[in-house]
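Residue numbers (our numbering), protein chains in the order written: chain F, 39 to 314; chain Y, 2 to 257.
Since the hints were derived computationally from the structure, they do not count as laboratory data. Glycine is no exception: its CB is placed at the ideal position from the N, C-alpha and C atoms. Take these hints with a grain of salt, some might be off.
[Said to hold, decoys possible] Ranges between beta-carbon positions, derived for each pair:
| id | chain 1 | residue 1 | chain 2 | residue 2 | range |
| --- | --- | --- | --- | --- | --- |
| 1 | F | R281 | Y | P149 | 53 to 63 Å |
| 2 | F | E184 | Y | A16 | 53 to 63 Å |
| 3 | F | R109 | Y | A161 | 23 to 33 Å |
| 4 | F | E221 | Y | G163 | 39 to 49 Å |
| 5 | F | G187 | Y | A107 | 51 to 61 Å |
| 6 | Y | L74 | F | R232 | 29 to 39 Å |
| 7 | Y | G163 | F | T280 | 45 to 55 Å |
| 8 | Y | A102 | F | Q121 | 31 to 41 Å |
| 9 | F | P262 | Y | L152 | 20 to 30 Å |
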Amino acid sequence: MTATAPATARSAVHAEGVWKIFNEGQPGEVTALQDVTLDVAEGEFVSLIGPSGCGKSTLLRVIADLTHATRGDMQVAGLSAAQARQEQKYGMAFQQAALFDWRTVRRNVELPLELQGWDKARRSARAMELLEMVQLADFADHRPWELSGGMQQRVAIARSLAVDPPLLLMDEPFGALDEMTRERMQNELLRIRRETGKSIIFVTHSIPEAVYLSDRVVVMSPRPGRITEIVPISLGERTEDTREAEEFYAGVTAVREALRGHPHDGSSVRARVGEV
Amino acid sequence: MAHRLRAVWPPLLFAAVFLGLWQLLVVSRDIKPYLLPAPSLIWQNFSGELGLMSSTALYTATTALLGLVLGTLVGLVLALLAQRFIVVNHLMTPLAAGLAAVPIVALTPILNNMFDITSRTPRVLVTMIIVFFPVYVNVMRGLVQVQPVQLELMRSMNAAPGTVVRLLRIPNAIPFFFTAMKVAAPLSVIAALVSEYFGGPQLGLGSRIASAAANTAYGRAWAYVVAAIITGLVFYLAVLAAERLAAPWTGRSRST
Ligand SMILES: Nc1ncnc2c1ncn2[C@@H]1O[C@H](COP(=O)(O)OP(=O)(O)OP(=O)(O)O)[C@@H](O)[C@H]1O
Ligand SMILES: [Mg+2]
Chain F
39 MTATAPATAR SAVHAEGVWK IFNEGQPGEV TALQDVTLDV AEGEFVSLIG
89 PSGCGKSTLL RVIADLTHAT RGDMQVAGLS AAQARQEQKY GMAFQQAALF
139 DWRTVRRNVE LPLELQGWDK ARRSARAMEL LEMVQLADFA DHRPWELSGG
189 MQQRVAIARS LAVDPPLLLM DEPFGALDEM TRERMQNELL RIRRETGKSI
239 IFVTHSIPEA VYLSDRVVVM SPRPGRITEI VPISLGERTE DTREAEEFYA
289 GVTAVREALR GHPHDGSSVR ARVGEV
Chain Y
2 MAHRLRAVWP PLLFAAVFLG LWQLLVVSRD IKPYLLPAPS LIWQNFSGEL
52 GLMSSTALYT ATTALLGLVL GTLVGLVLAL LAQRFIVVNH LMTPLAAGLA
102 AVPIVALTPI LNNMFDITSR TPRVLVTMII VFFPVYVNVM RGLVQVQPVQ
152 LELMRSMNAA PGTVVRLLRI PNAIPFFFTA MKVAAPLSVI AALVSEYFGG
202 PQLGLGSRIA SAAANTAYGR AWAYVVAAII TGLVFYLAVL AAERLAAPWT
252 GRSRST
């Protein structure tokens with residue numbers, strides 16, 4: 039199995055030899071990312087999975103230029119990570135919805151457009167279009183606190199799509215949702231992806247979720263955080279029956295074994311259990 | 002509407018029972034007015050001199066309002082500067098804490114000598130300083146205590162630092178601001194009133210309470226106290242109304 043495709047102009051994300059060391063040379067030194075090399079093709083759905091503390095969020099934050107890599111090369115949409123952020127080449131959804139209580143749902147979705155200097159009418163029309171997409175148009179004038187957790191998360195996703203970025207970065211966006219809502223959100227995300235053709239990097243703790251959504255599942259392991267295996271998934275078009283399909287279970291098993299089959303075996307399993 | 006009535010009834014009932022018992026106590030035990038005047042006597046003085054009561058209250062309220070507005074402005078500006086420039090923060094934090102420990106009203110006689118004693122200025126200054134402290138501390142907290150994820154969100158959307166202040170830090174500080182105002186507004190009335198005890202024009206509630214008490218007009222003195230309570234209450238209710246209007250999300254956000 040090849041871990042990475044060669045870097046081409048069609049890479050949504052191209053990471054090569056990326057290291058992130060917190061507090062380098064100081065007592066609390068942590069190697070959050072060790073020599074991470076990863077290519078995400080345009081339109082590809084890649085999940086990051088691994089025990090708590092293995093550097094998934096850190097990798098996402100380096101891609102998003104929310105923190106700098108200590109060493110290595112990170113390109114997003116053919117640009118440096120900093121340029122990509124400045125040019126709004128990605129949209130980000132965090133584990134918390136991070137909505138502003140002082141804005142209505144619609145004006146929360148408008149926020150990135152406002153920062154881009156869109157005029158009011160265009161902004162509002164675009165926000166309504168996105169709320170339509172996440173099926174929350176009826177709640178446009180509500181305040182965030184009037185919405186359920188799942189609805190808030192959908193608003194956050196709509197907001198991350200607002201400037202129509204080619205890449206979506208999602209850090210456990212469905213982590214706080216119940217199983218039913220979660221499955222519905224997964225289907226909505228796949229629908230949005232079908233409709234928009236975006237590349238998506240998706241952090242999750244759930245093996246079935248990673249398998250159901252992804253073209254490839256990147257398995258990471260902690261201390262130091264690194265990629266141990268990349269599991270390709272080929273389930274074709276997702277349908278009602280996908281979650282019961284044999285290939286689906288095969289994918290789940292493959293990812294589970296990738297998570298286990300690693301020298302630090304015991305500790306990573308314990309980390310996962312301890313965290314749940 | 003029904004639930005609003007339900008919220009209003011208990012305190013009203015309590016007040017009625019309290020006043021009734023007070024009246025009963027004074028009458029049955031024949032307590033002298035200099036110890037405790039009966040509510041009926043206070044009411045008589047209050048309602049008999051409504052014009053005087055309101056003009057006196059208005060004088061003190063004006064001092065309080067001037068001090069409140071100016072003190073709030075200074076608190077807001079310094080909080081914004083302190084959030085922006087770490088130097089100002091290092092300078093202000095011990096100063097603000099030190100100021101909180103100083104009995105500011107005690108400065109009134111000194112200020113009376115520094116400024117024209119026939120003017121309001123010394124009293125407004127005292128009120129200002131007293132108001133400044135809760136406003137500065139609370140607003141500063143609101144500007145700084147922003148969810149880290151919201152800051153990262155703003156950065157991910159490539160927001161300039163000034164934009165982060167305008168669209169995130171300031172709105173985030175608004176509920177904190179109203180918390181401060183709920184303390185500062187009634188406090189400004191107290192400060193304006195107490196500062197009248199130290200000389201200057203004798204037109205306000207503080208001066209008149211003192212002189213009525215000195216002239217053994219206890220019913221009158223208490224009537225002015227009632228006027229002072231009403232003034233403080235009006236200030237407080239005005240803040241509540243402004244909060245409803247300007248920050249309807251306050252206290253309703255879910256903690257996610
Ligand atoms: N700002 C920071 N300073 C120091 N260490 C940090 C910082 N951020 C993350 N780390 C460390 O880097 C490592 C990776 O953290 P990260 O948040 O990326 O893990 P994660 O895989 O996202 O975990 P989880 O699944 O719990 O979200 C952890 O050991 C963490 O303690
Ligand atoms: Mg994380």
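Quiz item: Does the Cβ distance between A102 (chain Y) and Q121 (chain F) fall inside 31 to 41 Å?
Solution: Given about 52 Å between the Cβ atoms, the range is violated.
Exercise. Could you tell me whether the CB distance from E221 (chain F) to G163 (chain Y) stays inside 39 to 49 Å?
Key: holds, 42 Å
Exercise. May I ask you to test the hint 53 to 63 Å on the CB atoms belonging to E184 (chain F) and A16 (chain Y)?
Key: violated, 36 Å
Quiz item: Given a hinted range of 53 to 63 Å, is it respected by the beta-carbon distance of R281 (chain F) and P149 (chain Y)?
Solution: With Cβ atoms ~35 Å apart, the hint is violated.
Quiz item: Is 51 to 61 Å a correct range for the gap between the Cβ atoms of G187 (chain F) and A107 (chain Y)?
Solution: Between G187 (chain F) and A107 (chain Y), where Cβ atoms are some 53 Å apart, the hint holds.
Quiz item: That 29 to 39 Å hint for L74 (chain Y) and R232 (chain F) (C-beta), does it hold up?
Solution: violated, 55 Å
Exercise. Take a look at whether the Cβ-Cβ distance between G163 (chain Y) and T280 (chain F) falls inside 45 to 55 Å.
Key: holds, 48 Å
Quiz item: Is 23 to 33 Å right for how far apart the beta carbons of R109 (chain F) and A161 (chain Y) are?
Solution: Once the Cβ atoms are compared, 29 Å apart, the range 23 to 33 Å for A161 (chain Y) and R109 (chain F) holds.
Quiz item: Taking the beta carbons of P262 (chain F) and L152 (chain Y), is their distance inside 20 to 30 Å?
Solution: The hint (20 to 30 Å, Cβ to Cβ) holds, given that P262 (chain F) and L152 (chain Y) are roughly 27 Å apart.
The structure fails to meet hints 1, 2, 6 and 8 from the earlier list, while all remaining hints are met.
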